[in-house]
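Visitor: So the protein sequences, as listed, match chains A and B. The first sequence begins at 6 in the numbering used here and counts up by one. The second sequence begins at 62 in the numbering used here and counts up by one.
Calculated from the structure, these hints are not laboratory results. All clues stand as given, with none of them false.
Examples of chain A residues lying across from chain B (beta carbon under 7 Å, computed):
hint, residue
1, Y16
2, P18
3, R45
4, M125
5, F131
6, P193
7, I198
8, A277
9, E287
Predicted, not measured: the structure shown is a model, and the values here were computed from it. Each residue gets a CB set at the ideal place from its N, CA and C atoms; glycine is no exception.
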Amino acid sequence: MNTKNLKLTVYEPNSSQTSFFASLISIIKDIKPAQELAIRLFKRDIKAQYRQSFLGFFWVLIPPLLTAGLWIFLNNNKIINVGETGIPYPLFVIIGTILWQVFAEGVNQPRVSVAADKAMLTKINFPREALLLSGFYTIMFNLGPKLLVLACACYFFQIELNTSQLYFPLGVLTISLLGFSIGLLLTPPGLLIADIARGIGIILPFAMYLTPVIYPAPTTTGTFSLLMQYNPLATLLSSSRGWLSGSLDYIPNEFITISGFTLLFLFIGVLAYRISMPIITERFGG
Amino acid sequence: MKNNEILVNVENVSKKFSRDLKKSLWYGLKDISGAMLGIKPKNKLRKSEFWAIKDISFTLRRGECIGLIGHNGAGKSTLLKILNGLIPPDTGRIEMKGRVSALIELGAGFNPILTGRENIYNNGAVLGFSKKEIDAKLDEIIEFSEIAEFIDSPVQNYSSGMKVRLGFAVAAQMEPDVLIIDEVLAVGDLGFVLKCFNRIDSMLQNSAVIFVSHSMPQVARICSQIVLMDKGQAKYQGTNVSEGIDQYYSQFKVVNGNLSDSSKAKVDNFLINGQIPDTSNYIQVSRLSNLVLELELSVIEKYTTPELYIAFFDKEMRNVAEFIRNESESKLVNRSGKIILKLTIPEIQFSKGLYSITIGLTSQRGGEILFRQQGIAHFQVTAEHHVWSAFQLKGQLEQIEERA
Numbered sequence: 006m007n008t009k010n011l012k013l014t015v016y017e018p019n020s021s022q023t024s025f026f027a028s029l030i031s032i033i034k035d036i037k038p039a040q041e042l043a044i045r046l047f048k049r050d051i052k053a054q055y056r057q058s059f060l061g062f063f064w065v066l067i068p069p070l071l072t073a074g075l076w077i078f079l080n081n082n083k084i085i086n087v088g089e090t091g092i093p094y095p096l097f098v099i100i101g102t103i104l105w106q107v108f109a110e111g112v113n114q115p116r117v118s119v120a121a122d123k124a125m126l127t128k129i130n131f132p133r134e135a136l137l138l139s140g141f142y143t144i145m146f147n148l149g150p151k152l153l154v155l156a157c158a159c160y161f162f163q164i165e166l167n168t169s170q171l172y173f174p175l176g177v178l179t180i181s182l183l184g185f186s187i188g189l190l191l192t193p194p195g196l197l198i199a200d201i202a203r204g205i206g207i208i209l210p211f212a213m214y215l216t217p218v219i220y221p222a223p224t225t226t227g228t229f230s231l232l233m234q235y236n237p238l239a240t241l242l243s244s245s246r247g248w249l250s251g252s253l254d255y256i257p258n259e260f261i262t263i264s265g266f267t268l269l270f271l272f273i274g275v276l277a278y279r280i281s282m283p284i285i286t287e288r289f290g291g
Numbered sequence: 062m063k064n065n066e067i068l069v070n071v072e073n074v075s076k077k078f079s080r081d082l083k084k085s086l087w088y089g090l091k092d093i094s095g096a097m098l099g100i101k102p103k104n105k106l107r108k109s110e111f112w113a114i115k116d117i118s119f120t121l122r123r124g125e126c127i128g129l130i131g132h133n134g135a136g137k138s139t140l141l142k143i144l145n146g147l148i149p150p151d152t153g154r155i156e157m158k159g160r161v162s163a164l165i166e167l168g169a170g171f172n173p174i175l176t177g178r179e180n181i182y183n184n185g186a187v188l189g190f191s192k193k194e195i196d197a198k199l200d201e202i203i204e205f206s207e208i209a210e211f212i213d214s215p216v217q218n219y220s221s222g223m224k225v226r227l228g229f230a231v232a233a234q235m236e237p238d239v240l241i242i243d244e245v246l247a248v249g250d251l252g253f254v255l256k257c258f259n260r261i262d263s264m265l266q267n268s269a270v271i272f273v274s275h276s277m278p279q280v281a282r283i284c285s286q287i288v289l290m291d292k293g294q295a296k297y298q299g300t301n302v303s304e305g306i307d308q309y310y311s312q313f314k315v316v317n318g319n320l321s322d323s324s325k326a327k328v329d330n331f332l333i334n335g336q337i338p339d340t341s342n343y344i345q346v347s348r349l350s351n352l353v354l355e356l357e358l359s360v361i362e363k364y365t366t367p368e369l370y371i372a373f374f375d376k377e378m379r380n381v382a383e384f385i386r387n388e389s390e391s392k393l394v395n396r397s398g399k400i401i402l403k404l405t406i407p408e409i410q411f412s413k414g415l416y417s418i419t420i421g422l423t424s425q426r427g428g429e430i431l432f433r434q435q436g437i438a439h440f441q442v443t444a445e446h447h448v449w450s451a452f453q454l455k456g457q458l459e460q461i462e463e464r465a
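Isolated chain B (complex conformation) (with noise of 0.2 Å):
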């Protein structure tokens, strides 16, 4: 089997929409008469219309997966619709070759009135399997799913959960050329989605994925190729996942927390570095240097030895990284109500990316929590290395000889 056929051949595809419904209704009736007749539609957009999809291109060959990533709106599930042949494009021309299965509904065509059993078979109808090739699978249906036991209840008593279980058991038999997958697995419990995603990793071995995702772990871990959309256009192409990853989530607006107010402590100042946080222009600190954080906190003279805590998260909001004081070290001594402290963290080890940080003041130890500033502030890691986890570890790599 060669492994380096195109598959996706996805030329300059564009597509419209209207905002406006009564329009788009209109439009719609008026675009049936024009086919009928085999008038060839316009490509001028009309009042209330505008591009949803604008120029994408990419190919795809087997064993490759491209994920398109943006956020809400930005024309992915269009695309998708698209690709999957629901609807024509405007202009363009997308060529695929061999079987196209889609994983975007998990249990179309399911009655709820029927038994999980019966809707096996209809939603394998709609999949466009034959009642042989169900009749074949179904034993390795019923078990993938794990639901034996309700097999023959009506499906209208499973939680959503089992409904997605049992969708993606019949889905699971497919065996594409094309697989598009769109966000299909955010229900279930923790085991299952790793199921499936164990499942999902052997399609695709022999198949060119379509990826959409708005979980950039997922999307970091599957995809050889990004597409980064933005308005329908396409605002970072190319086969460097991470820093298509980046910079989508440099569409976001950071948003520090404010020097919050609080009636039992404070923070006066805040300086990362030597300099204050902004959040349109991010303190570049380059890896492997000291990251140095002080800080004027404001605290009841009542607390006489408050304990300070600071996080550091990810854009994906995980927290990657704390820092406690050691308890051998001498505490915190609140005197005049004022306390200036300064934090050096030596050689950060973090991975290229930004960071924001969240500090916390307690009374003592596992004590009162006096106040909690989650992302007080934001500093971007600057690095060679684009890396999707948070830490790029710092160490020696050496050849040992081989012993004779």
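Bound conformation, chain A alone (with noise of 0.2 Å):
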């Protein structure tokens, strides 16, 4: 045994004063190491979950085809109106709660990841970040059942295929990284209160509906059209929509903006979540 390469650890009281472009390069040498233990989380989540249940993949799909179900109906029977939607209404909604379903599943993820093997975290030391990746895949994998009903919404109401869907993934995971980096952020006061879980059931539902999820974006000036304006959401998701229902073949400056600003709530989401979770640690206590 070469004695003269052993690893040194050193444990010194917090003291984070590292520049930001450090912390990155940190954050990026430290998802190697988290890879492994994280698909070998999310794989335990994804087979536990679906030995123990018959139905397995309709649950993902029920919240969102609920709620469009809802929607149609009403619309069909007039009791709402909803305006001119350019698309045939039902594959309106569907994308829309869809594409919601995404994003409010990215706010909640995190939170309930890391929260899952939250004795875990006070007895045994692995990379933290693990869990945070585990949560991530387990939203991809949630994604493709999501993905097929919308192939098969499309199908049925005859979207032809066009070059602006190459477009739509990009939509997709624009709002689902929007979603977990809104949910990383929350995370760590979200695990030493309560409140946080309590206010975002509370929140994510009512947000649905300042969005254009069941009506289209409106197209007048006021107060409404100028909150639109400055819900980023708004703009993902009629950008999305826009792009596989072929009314939209190009990608909108503000999405742009949006992604960017995405990326840095990311890296700030994933650096709290680095900087506090020894603090966490010792008020789980355990």
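Quick one: dock chain against chain with the hints and give me the complex.
Guide: Structural data, given as structure tokens:
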């Protein structure tokens, strides 16, 4: 045994005086060791989840399809009037609710993934990022059936294949990452105090109605359209829907800006997570 | 391989904790925001905070084992978490060389729905093994766990002992330079515990071990130095393991059983070497001197030939010795309801330490128990050497000339 090559580990009081750039590098370095554990944890959770369930995948689809069904019903019976949607309303709503579900899962998943392995956090020293990565894999995995439903819906409503649909995965990924970043930023406080999880549960459905999920974005001016302008999700959702249905064939500038901010948020979120995990572990006790 | 390189160096490590949950969470949020903004935390205690660990220092070389002992809440587990890198110290510095592994929680990452085989991979991944490494060690792990028959059943059907077996079998594959062990071997049957200890023994030779336990026989067996913690501080620290264990025991208040009142029999008076036993000031008896016990008993007259029983317990509550009257000697006779006895035990060979005496009285040999009093009195044996076993035997050692 060559004792000179032993890795030196040093534990010192919290002193996170590192530069933005240095942090970025250390985060990227740590992704690799976390990777294998993340895949293992992801497989574990998925296997356990589906082994205990008869309906399986169906549960991923129920929330968006129920919401869509409700609004299709209301619209068909002329109880509400959402105006001109450009594409058949059922298709419009299905795309909207499924994309919203992608966002909502992104918001919830980081906190859920970390909280699920809370017991492990206070006992074992493993790369903490693995929990986030495994959460992200879960989101990606759950995208599968959703995209399948969207494909079926497009086929049913005879949407033709066109090149603008190539932008659609980018839209889905950005929506998912924006949700994930927001969820990630809320994870450290959310693990400490129960109010955060409750707050998210109440605000998310409410926020859906402030986003053009079940109705098209208004074209007139006014406070409502102003709200749409400042709601980043409105842009992401409308663009993605446009790409899929073929009514939009370029990437709007707002979309690019929001994507940039999403990446920035994601980085800040990961950094916050890294810094706060020891403090949270300490407060968990155990 | 050099066997004396320092693998663990702990310098003045301290850690504060909050007693109040709401305050603790609030400080947590503040600390997070402070850390995000790069503000250095102050080392002052905030309201409701206290030092859970204060100024702990030690060094550990390869092949050495340090025992952390102390009563519940003394700060051992907190210190382990800091050493394991789960939480940062508030002051001080810790340096560790090489691969650090912890035997703190067995079976971390298990999912109850999945089979034992699948969970070997889950647990292994959490402990830092790659899939390849586990593939290579899978058979060995299953064999070590001795539960091959159930390896493809869901873990939720396992007994707690079986889960521990599987968890330890995975952990046993670690080849650490620094090994941290926290009371994990409490469950499991004797055979498996012995197997685990054999495995730990072989890990010991190549690593520096930090061992937390309440089991003093285990500490005495494997540790080469000891830190006795009390309220977060090192109350005793050194290489005299027996001395540390002795101080650990002296932290617990010894309670003498009261001279019990029973309708059938009772002890009226009890003397050790002519003195009345007292819990605050133990009667000292030097090793190899005579121990004289004097007893005054009241017994209901209808029991005419009662039988006395005396047992000695050490601090581990191990029954280390008993006195039984020889059958051939004349029986005890109860005429007036009072029996006065004097028992002399010549040249006691008890080792240094504190012992308690238990007295029982039966109506006759193997008959009805009239009364039994646990810990009726304590005495302290003084001796030159500190040994872990209860007896330090008298004997003579001679060297025999080599035969031609």
